[in-house]
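J.: Now for the letters of each chain:
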Amino acid sequence: MAQGMASKGFGMPGEVPGWVNYALLPLLNLLVALILSGLVILVIGENPVDVLSLMLVEAVGYPEAIGYTLYYATSYIFTGLAVAIAFHCGLFNIGGEGQAYLGGLGAGLVGLAMTGWPWPVVAVAAILVSALFGAAWAWIPGWLQAKRGSHIVITTIMFNFIAASIMTYLLVDVLIKPGQQSPETREFDPGTWLPSMERALGWVGVTIPASPLNLSFLWALACCALFQLFLWRTRWGYEIRTVGQNERAAVYAGISPSRNIILAMLISGALAGFVGVNEILGVQHRILLNFTGGVGFVGIAVALMGRNHPVGIILAALLFGMLAQGGGQVSFEYPNVNRELVMVIQGLVILFAGALENLFKPQVESLFRRRGSRGEGRS
Amino acid sequence: MDDILILALLLIDATIRVATPLVLAAFAGLYCERAGVVDIGLEGKMLAGAFFAAAVAYSTGSPWLGLLAAIAASVTLALVHGFACITHHGNQVVSGMAINILVAGLAPTLAYAWFKQGGQTPLLPGEARLPQIRLPGVEALSPIPVIGPIYRELIDDTNVLIWLTLLVVIVTHWVLTRSRFGLRLRAVGESPAAVDTAGLSVTKLRYQAVILTGVLTGMAGAYLSTAHGAGFVRDMTAGKGYLALAALIFGKWRPWPTLFACLLFAFTDAVQVRLQGVPLPIVGVIPVQFIQMLPYVLTVLLLAGFVGKAIAPKASGIPYVKER
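Same order as they appear, the protein sequences are chains V and C. Numbered per my numbering, the first sequence spans residues -9 to 369. Numbered per my numbering, the second sequence spans residues 81 to 404.
None of these hints come from the bench; they were simulated from the model. A few of these clues could be false.
Which residues of chain C face chain V? A partial, calculated answer using Cβ under 7 Å [stated by the list, open to error]:
1. Thr167
2. His168
3. Gly170
4. Asn171
5. Ile181
6. Ala184
7. Thr189
8. Ala193
9. Leu381
10. Ala384
Below 20 Å or equal to it, Euclidean Cα-Cα: the simulated DMTMM-like pairs (lysine to aspartate or glutamate) are [to be verified]:
11. Lys167/V - Glu177/V
12. Lys394/C - Glu237/V
13. Lys351/V - Asp40/V
14. Lys196/C - Glu330/V
15. Lys402/C - Asp276/C
16. Lys196/C - Glu323/V
17. Lys394/C - Asp276/C
18. Lys196/C - Glu270/C
19. Lys332/C - Glu270/C
Yeah, the Cβ is synthetic: ideal placement off N, Cα and C, and Gly gets one too.
Please construct the entire structure, taking both the sequences and the accompanying hints into account.
T.: Structure (structure tokens):
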């Protein structure tokens, strides 16, 4: 960030340690967001400390809750990575929602078509097809940005709405189970379901309580590792980062920005598409309306808070998973609280961790600079 | 013949009623985007306006206090957006989205806690809604062919906010093309450095633009809950803020084309309601969803340069850092 660096005191300003930027500032922003959330809870007539601590207990207090939290986190890791890879290429993919929706269509079609196949084959096919569908949906905005210069933020917003319309049409008129009112497909054959973590751990003799957490969580972790390898250890990753840092420099280095913009969007769409594997093949076992429920937007917050790094993304996804699970449970306990309170906290976290990320930066950094210049007095 | 005229008039009437909040929101976006501040938070501000208009109108019985509350709420959110984007050079898209998510949660949360009706406000009685304006001479003009029905169906009994919207469109056109403020506003969206060099405050101009955005989105929200509807319901805006954004781009960030785009999008909506399940010659029944996505598809095509070319204000989305 090109911040004005006013030097304080005599001599050179002191160094600002890395952890200030990676840990202290996000935590400070998070704290402000939580304090404001507490105010909202106060306004609606509940005790903020009670509500927030119950939220924590309901999110991580017992094994079943942890399963739910991790299940939410799985989808957030996928969309967080999706947003992050686009960010590394200097793109803002706000269309994770639509790409995840289409990815779910892909995973669902596999589930519908592959009755009788063993689940590992179905899972691999679903991963491939959901990636293909998500990538295809991201390819168009990517191509339009690369070749026609249409702003990707706007096109991806529009594509979210187009995806929603197409999915409504498909579910209401085409894929709906005959003789049924609600727009859903039939349930997949149980043999094709992606095993839940409870079942999978049962094979090795570990018992955990039932929750929607399924094997796609492992795939999410694998994606994090692959993400890191791809971005920092391969030529393609290097090229994507170069384009993101400086498009003109990339051109001089013989790197094609348009090729990399399209590539980054394809990967981004594929990652978002994996939400479909978790939601459709792992939990719902049928395609239904609006199963994404905002994961694409939470992914932006996750990527921002996680500083576009896989480890950060996992941590941020866990945080938002806790919010989703804990917030949902709290509404059963308190008469004045309903599920939407989660969105209030999410919105505040995005506002302070994302848009207002520089709020405390000048003060905190100058604090460290002053200490540095006083302590060592480097020439 | 008369039937067709009446049908056409009803269609136009529906179009105008659907278009009004779109026009207000799109013109709200027009002010801040021409000043270089991207705002995808129109949706959230509108929703906040809709909630506070209904809540205050219900509690006080006065739709005008409701309108004021709506404007106050939207302006507050607009100032938050300004604080993040103008003062702290934050990411404008992230800030707008945060506001959308925040309000999507906050409005039903407050409604749930205050009114205990599952996240909506109670139904507003007639006098707590913004009034329709009755015009004189409807009976006298009625017998005249064409003019009579037009006067009766379209012009008489129109909501006061629709008239205000018309005024907003005309004034906006004048402000942006003729007034000193408007020219400066446009300059700050194209080349803030030049405006700064001329001794004007970029920050102040952008804050003024953002406040205007708040005022107009508040009006749009109040229209939804206290003029078009009779109370706030959950997710009342239903993507209208984004549709307004699409209209703004489709109108190439200019007042009259933006108005036209809003009317076009509203017309597709009005037609879609009438076309549901009606077979057309040659193509047969068109699924509703395809008509619903038309505005978004058109906007993408326009952005891609396949139908005309939309060029955004040069400095839009870029925070202005003075020291650079």
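J.: Each hint should be assessed against the structure and marked as holding or not.
T.: Against the structure, the hints:
1. Because the closest C-beta pair between threonine 167/C and chain V is about 9 Å apart, greater than 7 Å, the hint is violated.
2. For histidine 168/C, the suggested interface contact is upheld, since its CB lies about 5 Å from the closest CB of chain V, less than 7 Å.
3. Interface restraint check: glycine 170/C against chain V, minimum CB-CB distance 4 Å, threshold 7 Å, status holds.
4. Nearest Cβ of chain V to the Cβ of asparagine 171/C: about 6 Å, under the 7 Å cut. The hint holds.
5. Using the Cβ-Cβ criterion of 7 Å, the hint placing isoleucine 181/C at the interface with chain V is satisfied: the shortest such distance is roughly 4 Å.
6. With a least beta-carbon distance of about 5 Å to chain V, the hint placing alanine 184/C at the interface is held under the 7 Å criterion.
7. Taking 7 Å as the C-beta cut-off, the interface hint given for threonine 189/C holds, the closest approach to chain V being about 5 Å.
8. For the restraint placing alanine 193/C at the interface with chain V, the shortest Cβ-Cβ distance is roughly 4 Å, inside the 7 Å limit, so the hint holds.
9. The closest approach between the C-beta of leucine 381/C and any C-beta of chain V is roughly 9 Å, which is over the 7 Å cut-off, so the hint fails.
10. Proximity of alanine 384/C to chain V holds as hinted, the smallest CB-CB distance being about 5 Å (cut-off 7 Å).
11. In summary, the hint linking lysine 167/V to glutamate 177/V is supported, as the alpha carbons are separated by about 9 Å, within the 20 Å threshold.
12. Pair hint lysine 394/C plus glutamate 237/V holds up; C-alpha atoms about 18 Å apart against a cutoff of 20 Å.
13. Only pairs whose Cα atoms come within 20 Å are accepted, and lysine 351/V paired with aspartate 40/V is rejected, the gap being roughly 31 Å.
14. The straight-line distance between the Cα atoms of lysine 196/C and glutamate 330/V is roughly 14 Å, inside the 20 Å bound, and the hint therefore holds.
15. For the hint pairing lysine 402/C with aspartate 276/C, the CA-to-CA distance comes to about 8 Å; that is within 20 Å, so the pair holds.
16. The hinted pair formed by lysine 196/C and glutamate 323/V meets the criterion: a straight-line CA distance of about 16 Å does not exceed 20 Å.
17. Proposed proximity of lysine 394/C and aspartate 276/C is supported: the alpha carbons are some 16 Å apart, at most 20 Å.
18. In summary, the hint linking lysine 196/C to glutamate 270/C is not supported, as the alpha carbons are separated by about 48 Å, beyond the 20 Å threshold.
19. Proximity of lysine 332/C to glutamate 270/C is assessed by CA-CA distance (about 14 Å); at most 20 Å being required, the pair is judged to hold.
Consistency with the previously given hints fails for numbers 1, 9, 13 and 18, ordered from lowest to highest.
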